[in-house]
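Trainee: Here is what each chain is made of, one letter per residue.
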Amino acid sequence: METAKKRILTGNKAMAEAIALEMERDPSVFVLGEDIGNYGGIFGSTQGLIEKFGAQRVLDTPISETAFIGAAIGAAAEGMRPVAELMFVDFFGVCMDQIYNHMAKIPYMSGGNVQLPMVLMTAVGGGYNDAAQHSQTLYATFGHMPGMKVVAPSTPYDLKGMMISAIRDDNPVLFMFHKSLQGLGWMEQLDVSAAHVPEEAYTVPLDKAKVVREGKDVTIVGVQMMTHYAVEAAERLAKEGIDAEVIDLRSIAPIDKDTILQSVKKTHRLFVVDEDYKSYGMTAEITAIVTEEVFYDLEAPPRRLANPDVPIPYSRPLEDFVIPNVERIYEQVKALMDEE
Amino acid sequence: MYEQMVKSRYYEDQMVEVYTEGKAPVFNIGAGPVPGEMHLSTGQEPAAVGICVHLTKDDTVTAPHRPHHHAIAKGVDLKKMTAEIFGKETGLGKGKGGHMHLFDPDVKFSCGGIVAAGIPHAAGAALASKMQGRDWVAVAFIGEGAANAGAFHESLNLAALWNLPLIVVVEDNSYGISVPKASSTAVASNDLRAAAYGISGAYVKGNDPIAMYKASEEAVARARAGQGPTIIEIETHRYLGHFQGDPELYRDKAEVPGLRQLDPILKLRNMLLEAEQVSEKEIEKIEKQAKKIVDEAYQFARDSKYPEPESALKDVFTS
Ligand SMILES: Cc1ncc(C[n+]2csc(CCOP(=O)(O)OP(=O)(O)O)c2C)c(N)n1
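Protein chains in written order, with this note's numbering: chain P, 340 to 679; chain F, 27 to 345.
Next up, chain P with everything else stripped away, as it sits in the complex (with noise of 0.2 Å):
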């Protein structure tokens, strides 16, 4: 049987085997950040790197974010193709200014002449209660300037798949992986976090989301551990007979609007997931984009479900309360779905 044959891989491995493999077909191409070497990164996005290629090409990093992401970005210019990690992005409050003001502008400040052909990857998420300064998801922030791709993938096939489009890729992109899909010995082992990934090298596009459960009722829209809870929320909300539509959004920046509005225009009604702040955020971005563009075909007024604008809580009970759950899309999906 062909399914005995697959391969089952992580999120972490999917994504290092992507990087293996382009550091195999392009010399050019090297890791750097903190603990990114023998550690195999904290969350193992790197894992087995420095066995295979070794401590030239795989750069363990002082905490000095500044510098080595700045670092990355004058490699870049000199036509190397560098992928660091900001092991949270949390942490970019300390080199901020390298990634927005240089790495997202020097492209166009100098009227197309420099490129910068980096991947920036960073761990984003919470619900294992690690408190404000390391649950962050930060969607929008990087998404609102311009001058960088961001990318979010959902699955292992999609972490191969779009690092190492990313990595081809001449432009920066910052590519947000989330903790709880890397398949982590020491988070919650969740059953989407492990999947069949082809051995060879392959790319999925950084500009498109993708449909994920069809359905002809209402579409929701959700990107990463949010697109994993719509779609078990469409499953229950199946069983009443709402016929939901799910879509992963998996790139920030740019923003497939078409595949939504084609959603919307099916569905006629439209629901944003998002586990970032709630106030200029994604689901903000996209309820806007639908409302200009197809507002006609709207039921209902747009809901959108995010963290309530405040920093993510450390305890429990807290944490449970600001990060959207299973629950509470069913519940309000089905509110959305009783109005007129």
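Don't read these hints as lab results, they were simulated from the structure. Any given hint could turn out to be false.
To be verified - Under the rule of at most 27 Å between Cα atoms (straight-line distance), these lysine-lysine pairs were calculated in the DSS-like manner: (1) P/Lys617 to P/Lys547; (2) P/Lys391 to F/Lys279; (3) P/Lys578 to P/Lys555; (4) P/Lys605 to P/Lys555; (5) F/Lys231 to F/Lys279; (6) F/Lys340 to P/Lys617.
What you are looking at is a predicted structure, and each value in this text was computed from that prediction instead of being measured.
Chain P is fixed; fit chain F with the ligand onto it per the hints.
Mentor: Below, chain F with the ligand without anything else, positioned relative to chain P:
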């Protein structure tokens, strides 16, 4: 000093147990009474107690992500601190902060999860002290890994420029997570970097609480007298992983048992007995008392209630 060290060690030993509760069969960081990351300081006690004995309630301490020994040495309310780590409403931050984010304004203690971020805060406290005409000092504890962050260099330059009563204590436990000091730091020890700012530096060898006490005494006196900042680096040891659950593939399995032979608490105990400063009986009394205080703190944390979920929405702004 001995009492504080015993208290700190016993506190961390208990935490190892409590943190493991509920996390099996598959280790799940988010499960059990104490979820999230847990960075323990077992072995690093001398760095904290050696300087904190010279401090009063009015002196400021900022600590990093590995804060328990500093908090205990500075006299943070142990019950409220433990309740915070358990995520209870009686905690220092009503369950909002957690183990890396402990704030006790009563004894001017704070810590945080962003490497090196506490150094400028301590410089700011030192600036306030100077502006208010006080002789209060500020101490920033950091790891040797953090000494490579921009905040370290910027803050020390500022403190030197403004002649602030700031002391930066660098705990050299040889690793920044998995990265050994030799691969992260271009100089052998961070006290050498003091020369770059024209300030004083001291290096304390052998995880020695007495030597730490002496170096700190000088630095604190200098700061109080308005004679400017100091960097003290202390050689110390982390017996446990970077965080609980760390597979520690980056160090030899034999390293820790070897380090444990050099235990600073045992060393101090023997020293006190040899010098006949205290009797075995008195030492045991001290140990018993310290353990009792810790046990009470854990009991308080367990008995306390979780906060109401809706309270997550409060305190974004104060008043
Ligand atoms: C700005 C920033 N970068 C990276 C991290 C991740 N991180 C947390 S602790 C740590 C290592 C710190 O090493 P060191 O300063 O030597 O302290 P130790 O853990 O050894 O006590 C790192 C890299 C962080 N919390 N903040």
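Trainee: State for each hint whether it applies.
Mentor: Results for each hint:
no., hint, in the structure
1, P/Lys617 to P/Lys547, "23 Å, holds"
2, P/Lys391 to F/Lys279, "24 Å, holds"
3, P/Lys578 to P/Lys555, "14 Å, holds"
4, P/Lys605 to P/Lys555, "6 Å, holds"
5, F/Lys231 to F/Lys279, "23 Å, holds"
6, F/Lys340 to P/Lys617, "16 Å, holds"
Going down the numbered hints, you'll see the structure goes against none, and every one checks out.
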